[in-house]
Amino acid sequence: MMYYFGYCTFLNEPELRHYLPRAEAVTKGYAANSKVEFRGQVTRTDRGWCHINNGPEAKGARAYGVVFAHPAADFEVDFAGFERYFLTVYGEDGKTYDCWTLRLTEPKDHVRPPNFYWHHIPAGLEAWEFPTEVKEAVLAEYEAARPCEDPDQAPN
Numbered sequence: 048m049m050y051y052f053g054y055c056t057f058l059n060e061p062e063l064r065h066y067l068p069r070a071e072a073v074t075k076g077y078a079a080n081s082k083v084e085f086r087g088q089v090t091r092t093d094r095g096w097c098h099i100n101n102g103p104e105a106k107g108a109r110a111y112g113v114v115f116a117h118p119a120a121d122f123e124v125d126f127a128g129f130e131r132y133f134l135t136v137y138g139e140d141g142k143t144y145d146c147w148t149l150r151l152t153e154p155k156d157h158v159r160p161p162n163f164y165w166h167h168i169p170a171g172l173e174a175w176e177f178p179t180e181v182k183e184a185v186l187a188e189y190e191a192a193r194p195c196e197d198p199d200q201a202p203n
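Residue numbers for the sequence shown follow the working numbering, so the first one is 48 and each next one is one higher.
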């Protein structure tokens, strides 16, 4: 078994199941000195995606999500423009987990994702009953980003 740290869109059950159908929730938790952001990519700045930043601007921040256990064979989930990123997650159960997650390989400007993508994030935060301050921090990041050029675009 391996551990995946689900954040942003992967907190919403339908989105998680689409890519990691055999994942089983272990605990909610956070990655220290990490910050959830919405960023465009080097080759595509018209829209944003979720990204975990662990650079200097993330010092003291926490990226919240859920630790999922899954079979090693499911480690092959892959998306163009994203990399597998390894991080330590501090679980609500008092344990630490060596997890992997996905983040942008070449993040650019802060830009909001389109609506079809964004709706997974508040839905997932609500379903997992994250505290209001966590939801508000994610919403503040979203609102601080430049609007998506076509917020109503279809998934691609």
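Treat the hints with caution; some may be incorrect.
Straight-line distance between alpha carbons at most 20 Å, and here's what the computed EDC-like set of lysine to aspartate or glutamate pairs gives [to be verified]:
hint : residue 1 : residue 2
1    : Lys-155   : Glu-104
2    : Lys-82    : Asp-197
3    : Lys-82    : Glu-196
4    : Lys-155   : Glu-130
5    : Lys-82    : Glu-183
6    : Lys-82    : Glu-188
7    : Lys-75    : Asp-145
8    : Lys-82    : Asp-145
9    : Lys-155   : Glu-183
10   : Lys-182   : Glu-60
11   : Lys-182   : Asp-93
12   : Lys-75    : Asp-140
13   : Lys-75    : Glu-173
14   : Lys-82    : Glu-104
If you anchor each label on the Cβ, the simulated ranges turn out as follows [claimed, not checked]:
hint : residue 1 : residue 2 : range
15   : Asn-162   : Ala-187   : 26 to 34 Å
16   : Pro-118   : Pro-198   : 31 to 39 Å
17   : Asp-121   : Lys-142   : 17 to 25 Å
Honestly, the hints are just simulated from the structure, not real lab data.
C-beta atoms are modelled at their ideal positions from N, C-alpha and C, and glycine is treated no differently.
Hint check results:
no., hint, verdict
1, Lys-155 <-> Glu-104, "15 Å, holds"
2, Lys-82 <-> Asp-197, "25 Å, violated"
3, Lys-82 <-> Glu-196, "24 Å, violated"
4, Lys-155 <-> Glu-130, "15 Å, holds"
5, Lys-82 <-> Glu-183, "13 Å, holds"
6, Lys-82 <-> Glu-188, "9 Å, holds"
7, Lys-75 <-> Asp-145, "14 Å, holds"
8, Lys-82 <-> Asp-145, "18 Å, holds"
9, Lys-155 <-> Glu-183, "23 Å, violated"
10, Lys-182 <-> Glu-60, "17 Å, holds"
11, Lys-182 <-> Asp-93, "25 Å, violated"
12, Lys-75 <-> Asp-140, "8 Å, holds"
13, Lys-75 <-> Glu-173, "13 Å, holds"
14, Lys-82 <-> Glu-104, "8 Å, holds"
15, Asn-162 <-> Ala-187: 26 to 34 Å, "18 Å, violated"
16, Pro-118 <-> Pro-198: 31 to 39 Å, "36 Å, holds"
17, Asp-121 <-> Lys-142: 17 to 25 Å, "21 Å, holds"
In summary, the structure is inconsistent with hints 2, 3, 9, 11, 15 from the numbered list given earlier, while agreeing with the others.
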